[in-house]
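Residues per chain are reported as follows:
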Amino acid sequence: MTPVNTILLKELRSHFVSPVVYVVGAVFLLIVGLLAYLYIVFTGAQAIQLMQVQGQAQINLNDLVFRNLFSSIRFVLLIILPILTMRLFAEEKKLRTFELLMTSPIGLNEIVAGKFMSVFLLFMGLLGLTGLIPLTLSLFSDFDWYPVLTGYLGLALLGALFLSVGVLASALTENQVVAAFVSFGLLLLLWLLAGLGSLLGDSTIGQVVSYLSFMEHYDHLVRGLIDTQDLVYFATALILMLFLTHRVIDSTRWK
Amino acid sequence: MIDVHHITKRYAQHTAIDRVTFSVAKGEVLAFLGPNGAGKTTTMRILTCFMPATEGTAMVAGFDCADQPLEVKRRIGYLPETPPVYQELTVDEYLRFVGRLRGLSGAILTGAMAREVERLGLSAVQHRLIGNLSRGYRQRVGLAQALLHDPPVLILDEPTVGLDPKQIIEIRELIKSLAGSHSVILSTHILPEATAVCQRVVIINGGRIVAEDTPDRLSARLRHSEKIALTLSRAPGEVEARLRQVTGVQHVHANGPPGHFLLESELGHDIREDVARLAVTNNWGLLELKSISMTLEDVFLKLTRHEEGVAQPAAGVADRVVVTEDKTESPS
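Those protein sequence lines, which keep their order, are chains G and X.
The first sequence begins at 196 in the working numbering and counts up by one.
The second sequence begins at 5 in the working numbering and counts up by one.
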């Protein structure tokens with residue numbers, strides 16, 4: 196068994212005995228389900244209205260349900276994913292098990308990778324469960340699967356980015372609450388960069404600032420556009436965050 | 005096996021350890037003795053590559069801690085001050101996890117786990133969550149973890165803390181049994197522990213090594229007079245004066261209840277025979293006569309007390325200690 200797998204399995208085991216994961220998972224699924232229900236009911240109401248006025252209705256589920264749903268899930272992830280990542284390093288430092296990891300013959304890369312993968316797998320599991328929404332909807336109606344799938348790709352990438360920011364925040368402190376708030380703050384900052392970018396307009400600096408935010412990259416994917424530029428954005432951001440985590444942990448040894 | 009040369013660890017404000025130099029041979033058990041905050045844990049953390057030294061080199065099993073940390077980590081078993089256990093795992097799961105971290109697998113891992121569970125008496129709690137175990141059991145799980153991959157070098161930070169007296173004896177026996185095949189460094193602020201299990205003692209205080217020797221030689225080096233305890237059943241008033249007249253006797257103190265005396269004589273001058281004859285011929289009722297050697301506890305207290313507020317390097321420790329002993333010990 197490779198060291199990464201060893202860490203990964205141990206982390207998964209720790210996640211599943213912790214009530215945090217069940218609460219977070221339940222809240223996530225409940226809110227996403229509720230959002231989906233509201234959008235579907237709202238779309239249905241619109242369809243009935245159109246029927247009454249025009250006698251016929253062409254409802255685009257992709258626009259009215261999925262795009263709305265995907266942009267709402269961002270908020271849910273912003274609040275929920277920092278809770279999943281907060282304990283990864285903070286708890287180890289607090290309980291002094293960190294000394295065990297750091298004096299074991301495995302590299303820091305492997306520790307960071309294993310821990311990140313454990314939360315990512317957990318998140319993918321939760322995301323997989325939300326797949327029931329498009330599946331049930333497809334039984335009763337027609338919609339285009341392609342933008343739904345790219346939307347899911349967007350969610351997976353967005354989640355990976357949020358989680359990597361959370362891993363970094365957890366490495367910065369030994370207090371889990373602080374870790375959650377730091378990652379929450381960093382993510383909000385990344386979010387607001389988009390607003391700042393559009394305020395600065397079409398200038399070079401405005402474009403750069405907008406590019407730094409995940410908003411437009413995620414929007415492209417939700418709209419069904421797979422652009423290499425967006426994929427590169429998510430990949431670089433993820434690697435940068437994990438690299439910073441590595442540096443942060445390594446530098447605490449020197450203090 | 006372990007070679008530490010002039011390591012210094014400086015934090016922003018203070019120096020935790022200052023030019024510490026010592027070495028441990030293969031199969032030797034070395035005690036690191038010092039009060040809290042003396043730099044024991046810092047030294048151990050440097051040896052286990054948990055943190056780097058600011059200056060100096062630390063070599064373990066021929067590998068430099070700064071250059072080849074993975075090679076060093078493979079050869080070290082480390083029990084930190086707080087046992088590094090995951091509360092949400094069972095003892096079995098925890099040991100399996102640690103074994104895999106150290107690269108054990110399959111039958112070797114199972115064998116190693118069975119050996120440590122047996123050796124540390126963990127079989128009763130093997131399937132229980134560590135979070136539900138007592139402090140003593142957690143400490144033993146921590147020890148099992150350090151021994152699991154049978155490393156040639158063991159670094160144990162206060163290994164008997166939190167154990168009951170019976171367990172302390174068992175753990176000490178275990179450490180003694182490891183001597184010969186393993187090099188062990190253990191830190192402690194309990195002195196009898198150092199005498200009980202170690203061949204060599206390093207006394208560290210304020211980040212500096214203040215003495216290094218075998219427990220016996222340390223006490224001998226610091227004794228500057230022979231001390232004898234004398235107990236008499238009948239002690240008339242003249243006893244003290246008469247005892248002073250015995251050749252070689254320097255001081256006589258009444259020591260506690262009536263009839264108890266403490267005699268000091270020149271080093272290398274055994275006065276016991278003369279004192280016994282005197283007591284018997286005068287019919288004082290000699291009950292007890294024994295020579296008192298300084299315990300490591302006294303040595304430790306002297307060395308560390310002396311070091312406080314002294315800004316000199318640690319060279320020539322033994323001489324200076326004898327000098328202060330004159331000041332503090334001789335009331336006359």
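If you are wondering where the hints come from, they were derived from the structure by calculation, not from laboratory data.
Built from N, CA and C at the ideal position, the CB exists for glycine as well.
A few of these clues could be false.
[Unchecked claim] Cβ-Cβ distance ranges computed for the label pairs, FRET-style:
| id | chain 1 | residue 1 | chain 2 | residue 2 | range |
| --- | --- | --- | --- | --- | --- |
| 1 | G | Val212 | X | Asp154 | 51 to 61 Å |
| 2 | X | Arg139 | G | Val212 | 15 to 25 Å |
| 3 | X | Arg132 | G | Leu439 | 30 to 40 Å |
| 4 | X | Arg139 | G | Asp445 | 47 to 57 Å |
[Unchecked claim] In silico contact screen, one side only, chain G against chain X (beta carbon under 10 Å); selected entries:
| id | residue |
| --- | --- |
| 5 | Pro198 |
| 6 | Asn200 |
| 7 | Leu204 |
| 8 | Arg262 |
| 9 | Arg269 |
| 10 | Thr292 |
| 11 | Phe293 |
| 12 | Glu294 |
| 13 | Leu295 |
| 14 | Leu296 |
| 15 | Ser299 |
| 16 | Ile301 |
| 17 | Ala389 |
| 18 | Leu391 |
| 19 | Arg442 |
[As the list claims (entries may be wrong)] Keeping only pairs whose Cα atoms sit at most 25 Å apart, straight-line, the calculated DMTMM-like set for lysine to aspartate or glutamate is:
| id | chain 1 | residue 1 | chain 2 | residue 2 |
| --- | --- | --- | --- | --- |
| 20 | G | Lys289 | X | Asp68 |
| 21 | G | Lys289 | X | Glu85 |
| 22 | G | Lys289 | X | Glu216 |
| 23 | G | Lys288 | X | Glu75 |
| 24 | G | Lys288 | X | Glu216 |
| 25 | X | Lys231 | X | Glu216 |
| 26 | X | Lys30 | X | Glu92 |
| 27 | G | Lys288 | X | Asp96 |
| 28 | G | Lys288 | X | Glu97 |
| 29 | G | Lys289 | X | Asp96 |
Q: Would you check the hint for Lys288(G) and Glu97(X), treating anything up to 25 Å between C-alpha atoms as holding?
A: It holds: about 20 Å lies between the C-alpha atoms, which stays within 25 Å.
Q. Can we keep the Ser299(G) interface hint, with Cβ of chain X closer than 10 Å?
A. Interface hint status for Ser299(G): holds (4 Å vs cutoff 10 Å).
Q. Going by Cβ atoms only, is Leu296(G) closer than 10 Å to chain X?
A. It holds, given that the least Cβ distance between Leu296(G) and chain X is near 8 Å, below 10 Å.
Q. Close enough to count: is the Cβ of Arg442(G) nearer than 10 Å to one in chain X?
A. violated, 15 Å
Q: Compare the distance between the alpha carbons of Lys289(G) and Glu216(X) with 25 Å, and conclude whether the hinted pair is satisfied.
A: violated, 35 Å
Q. Given the hinted pair Lys231(X) and Glu216(X), is their alpha-carbon gap at most 25 Å?
A. Holds - the C-alpha atoms of Glu216(X) and Lys231(X) are around 24 Å apart, at most 25 Å.
(Q) Would the hint on Pro198(G) be counted as holding, given a Cβ-Cβ threshold of 10 Å to chain X? (A) Nearest chain X Cβ about 7 Å off; hint holds.
Q) Minimum Cβ distance from Arg262(G) to chain X below 10 Å? A) violated, 40 Å
Q) Given Ile301(G) as an interface hint, is the shortest Cβ-Cβ distance to chain X below 10 Å? A) For Ile301(G), the interface hint holds, since the closest Cβ of chain X sits about 6 Å away, which is under 10 Å.
Q | Pair hint Lys289(G) and Glu85(X), alpha-carbon separation not exceeding 25 Å | A | holds, 13 Å
Q | 25 Å Cα cutoff - pair Lys30(X), Glu92(X) | A | With a Cα-Cα distance of about 37 Å, the restraint between Lys30(X) and Glu92(X) is violated, given a limit of 25 Å.
Q.
Checking one constraint from the list: CA of Lys288(G) to CA of Asp96(X), max 25 Å. Satisfied?
A. Holds - the C-alpha atoms of Asp96(X) and Lys288(G) are around 23 Å apart, at most 25 Å.
Going through the hint list in order, the structure does not satisfy hints 1, 4, 8, 9, 17, 18, 19, 20, 22, 24 and 26.
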